Amino acid sequence: MVHPEAVRGPVVPAAGRGRGAPALEGGDVLERLRADGASRPAVDAALAGGLRDWLEDGLAPGVEARGDAAEPVRVSKEALNQVLVCEAHLVAARRAPRVPTVELVRGSCVDALFRQWISVGAVGDPWDDALSALEVDGDRDGVASFARALTGPRRQALEAELAEQVAQIQAHWSVPSPAWLARTQERLEVPLCGGRVVLAGVVDLVLGGPPEERASVCLVELKSGGRRLEHRGDLHFYALLETLRSGSPPFRIATYYSATGELDDEAVGDDALVSALKRTLEGATRLCRLAAGAEPARTPNPLCAWCAGLPACGPGQERAGTDVPRHGASDAPDVSPAGARR
Amino acid sequence: MRSRAATVTDALLAPPAGEVSGAELMALRDELGRDLAALASDLPAHESLRVDAFKVLAARRHPERCTEVDDPFAPSPGRCRRAVGAAAVARCVRGFSPGPAAAVAEVLAAGLDDVTSGPATAGSAPWWAPWYGGLAPGARAVVGAEAVTWATALLTALEWRRLPRQAVVGGRADWWQCPGSSALVLQGRADVRLHAARRPAYLVLGSGRCRDDWRVELGFPALVAALGRAAPSVPCRVVGVWPQSGQVRVLPVDITTLRATGAAVASAVGTWVDGRLEAQPVLAGR
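Protein chains in written order, with numbering that gives the first Met the number 0: chain A, 0 to 341; chain B, 0 to 285.
Some hints could be false.
[To be verified] These stretches of chain B come out as covered by chain A in the derived footprint (C-beta under 8 angstroms, 3 or more residues):
no., region
1, 2–10
2, 16–28
3, 95–103
4, 129–136
5, 203–215
6, 242–253
Everything labelled a hint here was simulated from the structure, so no lab data went into it.
This one's a predicted model, so the numbers in the text were calculated from it and none came from an experiment.
Cβ atoms here follow ideal geometry from the backbone N, Cα and C, with glycine treated the same way.
All chains, please: the whole structure from these sequences, using the hints.
Listed below in structure tokens is the structure:
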């Protein structure tokens, strides 16, 4: 087996960032992500330990208040986004049954097709392949059965969209070299404070083996919908998890938008990790407080109109101008605190 | 920075620290066999109990869920990933494949060949192959992708060039039939087995994060191996690697470890037997 560091692609300038990032020319995503090994940062052996200490010191008061026997508080990117926007929104979202939507079907199907393309290098009929992938895994969210029940123009539109997004993926992604150790849907699970808080995530694509002298891992998230400001926060959260897990930050993180072919990528510096840590600490502290039984704070925000808790939330109704929540996420606004700061 | 794989390999290959005597092992076997047989005698008529590490841990973590009768085995991508992934890692280590993705594809293709080439080879097909052969392309991709992720985790967990040639990847599980009860069998498995200074040493790839009961998780395969073997063949240690969390633990195996694990297994068997008994009226009513 050849070490990933031994295979170096050509030096390609980093992509533009933000909303103006250009759509990619065909077939260059992997080259751009792997970049040149010589430019990768050296591993700082003390970094991960320092970040862990910082997090555990910050979480200690909230964790101690809950006691040893309590179930661990799981901190995912979704939980972070929700609790930082509005604690009551998080609680309402957790209580509401998860109802499949067309957006959820599209996202799950494109995730499955991207995985198939990276793993096998071939996709046949996108609709059939995606649904059989979801079904063999047990169709836990009921997405496949919801999709199979779709008929008429909704189904035709979704099938056409899947075909378009697969075409984008095929045009931009070559099948990774074996030396890059590509793996899909990799789970990260970092216990803190003796396992009483668990930071968790599933990364769509991980490239590169474990770090030695230099950072060697690249993380990629796939998005089938439009750009949203919280996507950057999600990526930074995963970079933090990878740092805590492996002892080294990823050398590059990226979000690929399969609807447009855009790639939003960046190198991971200390500033990104520290900002991710502060955000995670703030969110995890709130999650610990809620898990201890505290009343969730209500923070009116642009998402109130989509919140499942709207019928019982006065401030939310005032903000939204109605007590009937809207459905579907495609037209929901960006509200991430990270985004609001930019 | 010394890599984690180097540290794990050091731990796996370190000289054994102590040993278990034949007399100690015999006493443990007798005592545990007696205790387990007594517990198994309470199982509902015609029921058997196969206890693996998953069941032992489930009894400790979620005793309320320990009511299910052993189901007929149903393959899934999650259940196939170790079998396919271990075969793929073996191919990479021997230099037959350039990496996990190619190796997994070759293992899956060979399994399909065994199934489709006719009755002469169908008998030698791996257990997952007939099921895999019946899947649609999208579902097959999930099986392959899961196995690639598992194989990559194992392949990058160790410095393979330092391991002895006889190191076994995957391999058969250890089984121990409780001497006093035909209804109870223990099944232990390790993901890598090798000899460190003539004593077996195991590596286990854990799922998720390392929990408080990691000593039981790592001790179980050592216990099952010890119960079925002579004292010199008792594993000297079990190294646990949890790739998703990056955690590593080393469990030296001595008689104290084996006794503690045996007590945990007896407790788990008791929990499962109680669960089966409590489920009886429900089952009878179905």
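At least three residues with a C-beta closer than 8 angstroms to a C-beta of chain A: is that true for the region 129–136 of chain B? Since three or more residues must qualify, the claim that chain A covers the region 129–136 of chain B holds, with 3 doing so at under 8 angstroms.
The region 242–253 of chain B covered by chain A? Criterion: 3 or more residues, Cβ-Cβ distance below 8 angstroms. Coverage by chain A holds for the region 242–253 of chain B (4 residues, Cβ < 8 angstroms).
For the region 16–28 of chain B, do at least 3 residues have a Cβ located nearer than 8 angstroms to some Cβ of chain A? With 0 residues close enough to chain A, the hint is violated.
Please check whether the region 95–103 of chain B has three or more residues whose CB lies within less than 8 angstroms of a CB on chain A. holds (count 6)
Can you take a look at whether the region 2–10 of chain B is actually covered by chain A? Rule is 3+ residues, C-beta closer than 8 angstroms. holds (count 3)
Verify the coverage statement for the region 203–215 of chain B against chain A, using a C-beta to C-beta distance below 8 angstroms and requiring 3 or more qualifying residues. Answer holds; 5 residues pass the 8 angstroms Cβ test.
Going down the numbered hints, you'll see the structure goes against just number 2.
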